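Asks: Next come the chains, spelled out residue by residue.
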Amino acid sequence: MAGIFKNLNSFFTYKANQREEFELLEGADEKASQENNSATHVESAIEERLSKDIGVNLAKIKQQLNVPKNQDILIREFKLEEKIGAFIVFIEEMADGTTINDFILRPLLMPEHTAEYLKRHKKGELIDYIWNNVLAINQAKKEKEFRNIIKKVLDGGTALFIDGYEECLLIESQGYEKRGIEAPKTENVIRGPHEGFNENLRTNISLIRKIVRNEDLIVEFLPIGKKSQISCAVLYMEKVTNPNIVKEVKRRIQNIDIDLVMGAGVLEEMIADQPYRMLPQILTTERPDRAAILLIVGKVIFMVEGTPFASAVPINFWECLRSPEDYFLKWHAATFLRILRLFALLITLLLPGLYLALTLFHQEMIPTDLLAAIAFSRENIPFPAVLELVMMELAFEFIREDGLRVPGILGQTLGIIGALILGQAAVSAQIVSPILIIVVAVGGIASFAIPSYELSFSIRLLRFGFIFLAAIAGFYGISAGIILLGVMSVSIKSFGVPIFSPIAPKTRANQDVIASLPVFMQKGRPDALNPLDRKKGGNPIRRWMQYKGGNKP
Amino acid sequence: MLRKWVPIIIYILSTMILASCYDSREVDEYAYVFAMGIDKGEDKTWRLTLQFPTMEKSAGADGGGGSSGGGGGGQQDEYEVVSVDAPSFFAAVQMLNTSIPRKLNFFHTKMIAISEEVAKAGEIGEMIAPIVRNRQIRRIAHIVVCKGSAEEFIKENKPVIGKNLSKTMELAFNESEDTGFFPHSILYDFYADMKSYGYQPVVMLGGLNKQVGKEVSKDRSGGNYTAGQLPRKGGRKIEFFGSAVFDGDKMIAELTGDETRMMLMARGEFERGFFTIPDPKSLELIIPIDVHLAKKPELKINIQGESPEIDLTIKLEGDILAIQSRLEYEKGKFKKELENVFAQHIKEELDRTIQKCRNLGVDVFKFSDTAIWQFPTIQDWEDYAWDKRFKNAKINTKVEFRIRRTGRQFRSSPIITSEENE
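As given, the protein sequences belong to chains A and B, one line each in that order.
Going letter by letter, the first sequence gives residues 1 to 553 in the working numbering.
Going letter by letter, the second sequence gives residues 1001 to 1422 in the working numbering.
Only chain A is shown next, with the shape it has when bound in the complex:
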C-alpha cells in the first residue's frame, strides 16, 4: 500500500534528472568532452603483429580469414626474382581483378623490375622499393598489424606479403559493384540538382566535396560494428561547427557495442538522445546539396557505408518541415509552402480527432447545415463513429502500406481497388458515411505533405492517440493530449539542442524557421548550434547595393 502512495508521490513531485545529459552550453568546458574522446575502441581478438617468416604469416592469414572454407578469399602465392617468397590476399568480389592483374601482379612478376635492386642491395627495404618503383597504383600503405590488414582486405584492398619482412603493403584495389548516381527517390525537386546519394560512401563524400570545396571540410572515418566493421564517415566544417558537437557525435558512434550496424537508420536509433520519443531527432537527406547546406550552417553529418542517406545533427523540429525545394524557390513561395506543411501536419494529427470530438460531444459547435449533412449521412450507418473512423483509418494505412510493398504495376491496380472499396462501395453499402471518408482522406493526403518521412510517420501514429482521446473525452481529451505531447516534445534534445529550439526556447533565429526571409537577409547561422563562426554572409550580403552605378566594384 505504502508503495503505491510512494509511486503516486513520485509521479507528482519534481525530481531533478539524475542522468547526465549532453548539453550544448555557451562556452562549455571543453575538458569535459575531451575525456570522452579517448573512447575505448571495440577491441578485436586479432592483436598480433606480422612475423618475419612468410609461412607463419600465411598460416595466420588463412586462419583469420578461414581460407579453405571461405572460397571467395583468394591467396596468390608467387616468387619475386624466382627466389623471394611472396603472396597477395584479396576478396574476389570486393577487389578489382584488372587492377590486381595488370598493375600489381604483372609488374611484380617481371624480373627486370626488381633485378636491379636485388643486385645492389641484398634485401634491405624491398617493400619501399616496390612501392616507389614497381607498382602502378595510386594508394597504398605499410601495415604491421593483422587486425588492420584484415579490415582492409575485407574492404576490397589487396595485401602484399613478402618473405622476411614484418610488414606488408596494403594496396588500394577496391572494385566492387555499385549503383550509379541517380536522382533522389524521396526528395524530388523541380528546380535544383537531380543528384542523390548512393550506397557507396566514397561516392557520397565526393558528391558533398564537389559542392563544399573547402579545406575546412573534415571527413573522419569511424568503424562501427564488431562483426562487420562498416565504416561511418563523420563530416563537419572545422572553424564553423562547434567542436563539442563533433566530439559528442564521435563519442556516441564509437561507443556502440553491437555486431552489425546496418545502415544509418539503426545508427540513428542507437545514438539518438531520446529514442523513446516519437519526434525525429536526426534529419536524414538523400541529397548532397541539402547535406552541404546543413554542413555550412554548422551541423555534423554522418554517413554509413551502404546507406544512400546522410544524417545531420543537431536538428530542430522546423527543419523537418523544410523541403529541399524551399532552397530553390523564392522566399514567398517557400514561406507559403512551409505554412502549408505545418497546416498539413496539424490536419493529419488532429482532423480525425476533431471530427470525433465535434460529432460526439460538441454538436453545438458544428454549423447547423453541416450538422444536418452529417446527421443525414450517418442516419443508416450501423456503427458508432469511433469504430467507423478507426476502420477507415486502418483501411487507409493498409493501402499506404500495400502501395509500398506491391510492385509498381500492381500498385495502380491497388489504388483503384482501394479507391473503389473505400470511396464507393463502403458508402453505398452504408458502412461508413461519406463525410467520414472525406475526413480520413484529407488527413491521409495531408500526411504526405510532411516532407520528413520520419516525422510523417510519427504524426500518423500520434493521430491514433488523438482519436482515442477524442473518443473518450472530446475537446478536453484533445487539449490534454496536446498539452502532454507539447510537454514531452519540448524536452527532447537533439545532441544537446532542444528540438523546438529557435522558438522554444527562444534563441536568435536565422530568419528561416517558418517564415523564410529572403536569402540575402539570412546572414547568421542558427544560434542554438553555438557555431564558432556566427556569420555566414556579410553585412550586407548584397554589397552591390551600397555603390551607385558602377563607382566601385
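No wet-lab data here; the hints were simulated from the structure.
No false leads were slipped in.
Distance condition first, Cα-Cα at most 25 Å in a straight line; then the derived BS3-like pairs of lysine-lysine: (1) A:K493 <-> B:K1004; (2) B:K1366 <-> B:K1347; (3) A:K62 <-> A:K151; (4) A:K6 <-> B:K1004; (5) B:K1300 <-> B:K1366; (6) B:K1398 <-> B:K1336.
Cβ pair distances, simulated, as ranges: (7) B:R1138 <-> A:P193: 55 to 61 Å; (8) A:L404 <-> B:G1235: 58 to 64 Å; (9) A:A429 <-> B:G1268: 54 to 60 Å; (10) B:I1140 <-> A:G465: 31 to 37 Å; (11) B:G1268 <-> A:F383: 52 to 58 Å; (12) B:I1140 <-> A:V519: 47 to 53 Å.
Owing to the predicted nature of the structure, the values given are computational and were not obtained by experimental measurement.
Note that the Cβ used here is the ideal one computed from N, Cα and C, for glycine as well.
For chain A, the structure is supplied; the task is to place chain B on it using the hints.
Replies: Only chain B this time, still in chain A's reference frame:
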C-alpha cells in the same frame, strides 16, 4: 519499470473514469430542435411547439436521386412539428421525448416564437427562466413575438427557396440589417434588457400573412405596417415586420416598420434601408433614397433637472435611387432642398416615435446607456429611477442628412414627349 508505469496507468484510468464518454452521443441520436413556439395551453399550462428535421432524405450523397424527385418547390415535409401542453418547459421536453424516439436537443435552436397572448399577459419571465438557464439553448437564438398562436406560426415555418430550413431562418433574420423594418432581437439581449434598470426590450414582431394582397397601404412609406398586414400574395406565410415593445416582461405596444426604423436609428443600430418621401416639388411623385447612418448618433443628456433633458443628433447619409419628377436633385440648391426635406421628414417620424414610446414610459432607444455614465455608482443610478423619469423627459432631436451618391445617373433630364414639343 513498475515504479514508472503504475502512476501512468493510474493517470490514464482516472482520465477515463472521471471525464469519460458518458455524455458522448452520436449526431444521429438527437433530434435537433430548430424552432420553438410558446403558447398558452389549456388549463394554466404552456403549449410548447417544437420543430425539428426528420432526417428523411439523405443530403448530398445521392444528389437528386430516388424519392426526392429533384427540382425545387417539392414537398416540404422534411420537418416535423409537435406540440404539447405541459406545466413547464422541462416537463414538456420530457413528455415529448417519450413519443419522439430521439433525444430532443436545443443546441441548434434558431427561433423562439412567443405568442402575443403570452407576451401581453406578462408571463414571458416565467417561461424564459428555464430557457436561459438551460445550457443547450444558445443565447443567440432569435426571439420573436408572433401574432396569433405560436403553434400555427411554427407550422408555417417552411423554407420557400431550397429545402434548408436553418439557412432560411438565418437569412430571414438577417434581412433586419438590410431593411431595418424589424430589430435583430436575440435571447441574450432580450434577457439582459428585461432586467435592465434603464431601457426596455424590443422584440421583432412576426405574423402570418393573410395573403390577400389587397389591403390599401396607409401611406407611401411602405413601412407603416406590422407583421401579418403586408398587402402581398405568395411566398412564405411567415413575415417579420415591426417590433413589440416590452415593459419588463410584458408586451405593451407594437411599433410599425417605420417606427422600428426610427427606434433603430436612435439606438445607432440602423444598418441601411430604403426610404420613400414625396417629391418636394411635385408632391404626387416620390423619391426613394437608400439611407444609412453616417455616424453613431450623438447624445447629450442632462440629468440636472427633475426630468432628463436629451439632445439627440442623428447623422444620415444616402444615395438617390430614383427621381420620378426628373428634376435636378443631384446638385446645388435642389440637392440642399431635398436633403432638408428628407431630414425634416425623418425628424417628424422620429419625434412621433419618441413621443409614442415616452408616453408609454419605456426607453427603447437605449438613451439610458449613455445617461448611466453620469452616475458614479450603480446605487445612484438605480435611485435616479430612469424608467420613471423618462416619461417626462424633454427630448430634442436633430437630423442631418447628406446625399452621397446618385446611382448610375449623376444628372436628370426631363422625358420629352411629342405632346410637349408642340
